[in-house]
Structure formats: structure tokens, C-alpha cells
Amino acid sequence: MQGWKNELVKGVAILGCLAAQACGDDGGVSSTTATEGGTGTSGGGTEGSTGDVPTTDATNTTPTSGTGGSGSDSVSAGQTTSGSTGDVTVSSSGTVDMCGNAVVDPPEVCDDGVNDGGYDGCAPDCSALGPFCGDAMMNGAETCDDGNQIDDDGCSNACVAAVCGDGVVQAPEECDDMNADDTDMCVTGCKNASCGDSFILAGVEVCDDGVNDGMYGGCAQDCSALAAFCGDGMKNGPEACDDKNMVSSDGCLGDCTQPPNCLAIKTFDPAAKDGVYTLKVGDITWQAYCDMTFDGGGWTLAAKAIPTDGWAYNSPRWTDNMVFNANMPDFDHTAAKLATWNLVPFTDILLGMESPVGNMNPPKPTYLKLAMAKASLFALFSPGTYVATMGTKAGWAGLVPASSLQANCNQEGINNAPNNNGPRVRLGILGNNQNDCLTPDSALGVGFGNFTCQNNPFISVGNINCEPNPPTKKNGMAWIFVR
36 MQGWKNELVK
46 GVAILGCLAA
56 QACGDDGGVS
66 STTATEGGTG
76 TSGGGTEGST
86 GDVPTTDATN
96 TTPTSGTGGS
106 GSDSVSAGQT
116 TSGSTGDVTV
126 SSSGTVDMCG
136 NAVVDPPEVC
146 DDGVNDGGYD
156 GCAPDCSALG
166 PFCGDAMMNG
176 AETCDDGNQI
186 DDDGCSNACV
196 AAVCGDGVVQ
206 APEECDDMNA
216 DDTDMCVTGC
226 KNASCGDSFI
236 LAGVEVCDDG
246 VNDGMYGGCA
256 QDCSALAAFC
266 GDGMKNGPEA
276 CDDKNMVSSD
286 GCLGDCTQPP
296 NCLAIKTFDP
306 AAKDGVYTLK
316 VGDITWQAYC
326 DMTFDGGGWT
336 LAAKAIPTDG
346 WAYNSPRWTD
356 NMVFNANMPD
366 FDHTAAKLAT
376 WNLVPFTDIL
386 LGMESPVGNM
396 NPPKPTYLKL
406 AMAKASLFAL
416 FSPGTYVATM
426 GTKAGWAGLV
436 PASSLQANCN
446 QEGINNAPNN
456 NGPRVRLGIL
466 GNNQNDCLTP
476 DSALGVGFGN
486 FTCQNNPFIS
496 VGNINCEPNP
506 PTKKNGMAWI
516 FVR
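Just so you know, the working numbering puts the end of the sequence shown at 518, numbered straight through with nothing missing.
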């Protein structure tokens with residue numbers, strides 16, 4: 036390389052001498068001062084023509100007139116020459132400065148051909164590196180730089196801060212497999228999987244709750260088996276039942292509780308359909324039809340009332356806690372009083388009325404919703420105390436097509452008997468021609484009593500009006516739900 040550099044310098048010097056007409060026959064350039072008519076000294080050059088030749092040293096350049104002598108094969112320190120390969124500078128040490136040729140030529144420390152001092156590059160004078168990963172100073176895109184080549188000390192050899200998942204085990208990591216799979220030997224947090232870490236190791240552990248004490252809903256001590264749990268078919272711990280299925284209609288819900296009403300079933304299973312469900316309160320288990328559709332669903336059937344004396348105002352059926360036809364819980368035309376009457380608290384009553392009474396099942400009643408809160412229907416009706424409702428006259432009249440109700444009174448509610456010896460209705464509205472409720476002649480609802488035209492034929496459910504001649508008597512059948 037050094038020989039090549041000398042040849043380059045020599046060529047550049049020859050070109051310079053020819054331009055100044057101060058070269059010897061062989062192209063050499065003298066390193067001494069040329070005087071007029073003198074002969075070139077070193078370098079083997081022949082005597083050249085007379086001309087002005089600059090005298091050059093490290094500190095001074097003086098043009099001197101004289102005859103060119105024989106040329107030398109060197110250029111004085113500090114001189115810059117030009118040639119086809121570019122500018123070349125001779126340093127004070129006599130070497131050629133090649134900074135910028137992308138080759139590290141001593142005494143250069145680096146040379147990237149740009150030498151702009153950028154990251155991972157070289158200083159402009161090739162005397163030093165630019166900022167780089169490992170210089171102990173955070174630069175460029177580095178997220179750390181600890182100045183060493185230790186890859187597991189929190190800062191990688193690529194100057195990237197260590198994280199769990201980078202594939203390099205860092206203290207205090209126990210492992211690092213570069214994934215987020217908690218079912219293999221290296222789990223979240225870069226810890227080795229083991230029984231007790233709350234992660235289930237696939238193929239080895241059945242469960243792992245981090246405690247593994249065999250308690251209900253947990254895991255065995257060796258992670259090899261589940262402890263007792265809801266769905267294992269055995270009643271354990273806090274379970275009210277466990278039938279090992281997710282069927283909501285059999286009296287045991289999928290959360291191992293027993294539903295006390297249809298609303299509990301609808302809440303647990305929003306997709307539950309209309310139908311007969313098994314319910315349980317305390318030690319009493321019964322079945323009842325659940326309407327899971329009307330007004331959001333969750334309605335529990337309590338009674339099915341037909342227009343017979345069994346549902347007249349004075350029937351004990353309204354005030355006692357006896358059930359009848361409990362084995363007929365479906366939504367049909369068979370009269371019944373279910374355990375719902377005694378056991379289900381509610382905030383709303385849903386009264387369905389069909390008039391005229393059909394014989395097709397399921398029935399197609401018209402509904403009236405009444406806001407009413409009580410511990411049970413038994414608790415509501417058995418005292419015989421009047422409780423007002425807010426169904427409106429239009430709402431009640433809509434239960435029976437072409438209904439007939441006198442203009443005045445319009446008192447509605449539970450145990451509706453404004454005159455102790457006068458006409459009354461257990462659940463419904465009264466009408467009167469007089470502007471009072473002492474002598475009503477009409478009613479709409481369930482459980483008529485003491486109307487002058489109530490017999491022949493008997494009517495207790497639907498619509499009655501004794502004022503016209505003949506009187507209006509529209510039989511109906513009622514379904515009473517609570518929610």
C-alpha cells in the first residue's frame with residue numbers, strides 16, 4: 036500500500052512540474068532549490084530547460100528563477116497535489132492522508148467514506164468513531180448502553196433493554212421462550228412452570244389454583260385432579276344441587292342453585308324459553324309455567340281462574356294457602372292454584388284474560404300489568420284489606436272485547452269491596468251510575484261477588500253489568516302471574 040501511495044505522489048508531482056516547465060528529461064522533480072542555469076541534483080533526471088521553479092519546504096514556498104535540474108521522487112511535507120485519482124495531502128509525517136476513501140489507512144481509526152460523525156459512523160477527520168452501541172452512552176435508537184458485551188445483564192449487546200419474551204434469560208428470570216403460552220414450561224413472567232404457580236401446565240397438570248389445598252372449587256395438592264366443583268354430579272360445599280348439566284328447567288341451574296321463581300331462571304339463562312319449570316323454596320319443590328317472553332319474561336304462573344263459584348269473591352281459594360290441581364302447572368285452560376301463590380315474592384302482577392273462553396292451547400289472552408309489591412299473593416289477598424291498583428279504566432276494559440262498564444265509581448284494586456254488603460271483585464274494577472261506589476252494578480276482573488245478576492248462569496270471571504236488560508255477562512278465564 037505504501038509503495039502505491041508513493042507512486043501516486045510521484046505521478047502527481049510530475050504533472051505539477053510539467054505544468055511549470057521545471058522538470059527533468061526523465062520527469063523527476065528536484066527536492067532542492069533550482070537556480071538559473073543550474074543542473075538538477077538527485078533523482079537521475081537530465082538537465083531541463085530554464086524556468087522558474089518554486090522552492091517548497093514545510094514552512095515556506097519561494098519561486099526562484101533557474102534551469103530545471105533532474106527530478107526527485109518525493110513531495111515535500113504539507114504539499115497538496117492533484118491527479119486523476121483525486122486530491123492527496125501529504126502530512127507532516129510524510130504519509131498521504133486518505134480520509135474519506137472508505138478504507139482505514141493508518142493512522143486512521145476509522146473511515147466510512149462519509150465521516151460525518153453520525154451514529155455507528157466515523158468522525159470527520161477519521162481520528163475517532165462516532166457514537167456507537169457499547170460506548171456506554173445511550174445514543175440513536177438505543178434503549179440502553181452499558182458499555183459491555185454481557186448479554187444477560189439487563190442490557191443486550193444490541194443496546195436493547197431486556198424484557199421477558201426476548202429469548203434471553205435475564206436475572207431474575209428462570210426461563211424465556213419468547214412466547215406468551217402459559218401451558219408450556221415457561222409461563223408469564225419468565226418463570227418455570229410448577230404446581231402452585233396458578234398456571235396449568237399442559238399434559239402434566241389438570242388444574243392449578245395457586246393454593247392447591249383440595250378445597251371446593253379448587254385443585255388437589257399435586258395439581259393432578261380437581262377438587263369438588265359445581266358440575267361434578269355430587270352436592271358439595273355451598274351447592275343447593277348438582278345434576279351435572281346445564282338444563283335450566285329441571286330445578287337445578289348450571290350454577291348449582293335451585294331457582295325459587297321464573298325470574299331467577301331468566302336472569303341466569305337469558306335464552307330460557309316459555310314452558311314449565313321446576314322451582315324450589317326451602318323444602319318445597321313445585322312446577323309452574325314460566326312466561327319468558329312478555330315484558331322481558333320471568334313471570335311465574337300462580338293461578339288459572341275459570342268463571343265458576345270456585346273463584347267467586349267469597350271462595351276460600353282467595354284467602355287460604357291450599358293449592359289445587361298442582362299437577363296441572365302448564366299454560367292451559369285447566370283451573371289450578373299453584374304453590375307460587377304462597378311462596379313467591381313479587382313487585383308486579385300480570386293478569387291475562389281470555390274472553391270468550393277458547394279451547395285451544397296455548398291460550399291467547401290479553402294482558403294487564405299491575406305494579407304491586409308483596410311477599411306473596413297469599414299475603415296480599417288473605418287479610419281481605421283493600422289495596423288500590425293503577426291499571427286505569429281503559430286498561431281493564433281492554434281485557435274483554437266490547438266490554439260494558441258503567442261510567443262512575445271506577446274504583447280498582449285488590450279485595451275491592453267499597454260497600455261491605457254490596458257488589459265487589461277480588462281483583463278488578465267496579466262501575467256505577469251514581470257518582471259513588473256504594474251500589475255498583477258492573478265490574479271487570481276476577482272474583483265477582485254479590486251482584487244481583489251474577490247467577491243464572493253463574494259468572495265470576497270476565498265482565499258483568501247488571502244495569503241493562505238483559506244484563507251483560509261476558510265469561511272470561513284469567514291467568515295470574517307474578518314477577
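Be a bit skeptical, because a hint or two may be false.
[Said to hold, decoys possible] List of simulated lysine-lysine pairs, PhoX-like, C-alpha gap at most 20 Å:
{"id": "1", "residue 1": "Lys409", "residue 2": "Lys428"}
{"id": "2", "residue 1": "Lys279", "residue 2": "Lys399"}
{"id": "3", "residue 1": "Lys399", "residue 2": "Lys308"}
{"id": "4", "residue 1": "Lys270", "residue 2": "Lys315"}
{"id": "5", "residue 1": "Lys279", "residue 2": "Lys226"}
{"id": "6", "residue 1": "Lys399", "residue 2": "Lys315"}
{"id": "7", "residue 1": "Lys509", "residue 2": "Lys428"}
{"id": "8", "residue 1": "Lys428", "residue 2": "Lys508"}
Simulated from the structure, these hints should not be mistaken for lab results. Keep in mind that this is a model prediction, so the values were computed, not measured.
Hint check results:
The suggested pairing of Lys409 with Lys428 is violated, with an alpha-carbon distance near 23 Å, which exceeds 20 Å. Between Lys279 and Lys399 the alpha-carbon distance is near 36 Å, which puts this suggested pair outside the 20 Å criterion. For the given pair, Lys399 sits about 17 Å from Lys308 by alpha-carbon distance, which is consistent with the 20 Å threshold. With a C-alpha separation of about 16 Å, the suggested pairing of Lys270 with Lys315 holds against the 20 Å cut-off.
Between Lys279 and Lys226 the alpha-carbon distance is near 36 Å, which puts this suggested pair outside the 20 Å criterion. A hinted pair counts as satisfied when its Cα atoms are at most 20 Å apart, and Lys399 with Lys315 does not qualify at roughly 28 Å. Taking the CA atoms of Lys509 and Lys428, the gap is about 17 Å. The hint holds against a cut of 20 Å. For a cut-off of 20 Å, the pair hint linking Lys428 to Lys508 stands: about 18 Å separates their Cα positions.
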